[in-house]
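Student: Fit chain B with the ligands to the known structure of chain A by using the hints.
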Amino acid sequence: MGKSLVRVVLRKELRETFRDRRTVFSVIISPLLFTPLLLSMIGMLVTRQARAEQHEVLSVGLVGGEQAPSLQRILSNSRGLRFEAVSAADAQTRVRTHDLRAALQVPRNADALLADHRRVPLKVLVDPGNEASQRTAQRIHAFFEERSKRLVAQRLSKKGLSPELVRPFDVRDTRISGGGSVAGLMLAMFLPYVLVLSSILGGVYAANDLVAGEKERGTLEALLVSPASRRDLVMGKFLTVAIVSLVSSLLSVVGLVLPFWLQPPGMSWLARTELTLTPLALAAMLLVQFPIAILGAGLLLSVSTYARNQKEAQSYLSPVMLIVTVVAMLSLILKAEAPWPLALAPILNAALALKQALNGSLDPTFALLAVAASAAYASLAMAFATRLFQQESVLLKA
Amino acid sequence: MVAIDGLAKSFRDRKRGEVRAVDGVSFECRPGEIFGLLGPNGAGKTTLTRMLATILQPTAGSAQVAGYDIRREPEEVRRHLGYLTGSAALYERLTAREVVTYFAELHGLSPKRAANRIEAVFRTLDIEPFADRRCDRLSTGQRQRVSIARAIVHEPPVLLFDEPTSGLDVLSARGVVRFIRQCRDEGRTVIFSTHIMSEVEALCDRIAVIYQGKIAAIGTVDELREQTGERAFENVFLRLIGEEL
Ligand SMILES: Nc1ncnc2c1ncn2[C@@H]1O[C@H](COP(=O)(O)OP(=O)(O)OP(=O)(O)O)[C@@H](O)[C@H]1O
Ligand SMILES: [Mg+2]
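Residue numbers (this note's numbering), protein chains in the order written: chain A, 807 to 1204; chain B, 8 to 252.
For the record, the hints were derived by calculation from the structure and aren't laboratory data. Just so we're clear, the structure is a prediction, and the values are computed from it rather than from any experiment. Mixed in with the good hints, there may be bad ones.
As the list claims (entries may be wrong) - Far from chain B, some chain A residues (derived; all Cβ distances over 10 Å):
1) V815
2) D826
3) S865
4) S876
5) D905
6) N915
7) L928
8) P934
9) A1028
10) I1049
Said to hold, decoys possible - If you want the footprint, here are the derived chain B segments under chain A, 3+ residues with CB under 8 Å:
11) 54-62
12) 87-94
Stated by the list, open to error - Calculated from the model, a selection of chain A residues having no Cβ within reach of chain B, i.e. all distances over 10 Å:
13) V814
14) E890
15) L920
16) R953
17) P969
18) L971
19) V977
20) R978
21) T1025
22) P1033
23) S1035
24) P1085
25) T1131
26) L1175
Each residue gets a CB set at the ideal place from its N, CA and C atoms; glycine is no exception.
Extracted from the complex, chain A is given alone in its bound form (with noise of 0.2 Å):
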């Protein structure tokens, strides 16, 4: 009787949760549409960008110039840059208004130190606070380290020797074949965050709806009349924010993945770099959503049980999310390889060990440690949850 009742509960709030349009949304709409519309606009941005970037050609003021003329020659080939003869008076205000990206000094005798094999030295005006005066700078530095190799080769070649005599080594990088993939690295990285977020957030609105909204609305009392224990009613509303709670994480998920595996148009970017999830990664984010719900399901409905109006139990939440916001967020800055005591830390421990599995360093001790301490904050929680449900100055506080 007792189990069956707890069923009657859970079928009557999953349908009432589910004909919530907030719910519906953030639950269901939001991740599947808008997080891969997101991830594919930040792709097409990024893509649009660099593109951009690549084709642009950068307006750099010449200083002293006029008297170098094989200098000048050398940096007419240049490519993406376009050198203009400016006073060194002028050259400072350019740049500082943004007319110019940076400007170039050239001593007096540059062409003569080339003619004598000595070094010139060169001046580039930049402008930290502005992003495209960097990015200029580095692009005249990349343009005269290119030239310097070609110039130390000629010179060399002249005198009969190798241009290997001054690069010893060569050092470049070859992919293994079968490791993670960038994708994968980025992966790893933000499926911790979104998980974490989305299996608590998603069950906000409905722990809100289902006991702090059921005694704003004036349906509750009933419902404490019925037979049911208050031990039915609690895990019944319980189960249904956990199940929401892990619907929301998992769509949150699938809409993470989705765009690696379909490949809309504008996220080329993506498919340079293949996704593989290996199975014993995917086990671990099922694994791992477990006892995130549970524990959020039971802290969102002891706020909700103890408020008296979804809006006090919204206030109440506030910090809650500041909590856990920060927690997803350090998931994201630490390392997958924790110290132990990291395992105790409550959702954090979680994000861990699914970090861990993504990377493929999973460590056993470590997911062990945090599965059973995330199982006993779970129950610690889902018993207060209990607890306050049973009390009457609780529930029946006007």
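Tutor: Leaving out everything else, chain B with the ligands in the frame of chain A:
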């Protein structure tokens, strides 16, 4: 059958200190009887009915509802109880039928029995025309009828009504009153709290006048008239709670 013996409830209020909301109330209410609780605002009517409904723990005294002790067997009490308050609301995102079905299930009715009962109740209360409409699209009067259906779907022998007509227009209120009378005629025990004199006069077989948590007087309408020597029931009431006319 409801038997109440010395029931009391105190609240600890931060500003007012200890509030004796119900202070040693005793009475009995028999099947086929409508028992009225008449009292001004804050008299303790809601607190008393909530104790009988087992959602508040009494601080002293005892009570039996349908033969079950409210302290020792609260779940049995609730199983045999229909409870309706004027402030009761419905689940807005569910249809009338879904709401009543939910309560039938909570009361452990088998699917077949639930369906039969819902059909019967919907017919008597004339809910059928809007049974499959969501509750947030119903009028106040329609909602109240659904609330009644929800409260009696399990055919409880004891019914508790706490100001069930508050916020209703005359027509809807009369419908509720007629329904309460019908419950009595079916042999149920009905406790009905209100502060509306006319409802008491028209409906109640016996009345307890409650004031400041205590019973000021108990008896039939005529007995109370006799006791005070007043005709108009409003005056009877004022006399009983010790007010000057
Ligand atoms: N949870 C509570 N905490 C503190 N005091 C309470 C609480 N509930 C009720 N009271 C107090 O108990 C007294 C009786 O209240 P109750 O609601 O039972 O009266 P009532 O007869 O139903 O009044 P009304 O006609 O306004 O509904 C009042 O003084 C009220 O302020
Ligand atoms: Mg009241």
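Student: Which hints, by number, does the structure contradict?
Tutor: 1, 2, 9, 13, 21, 22 and 23
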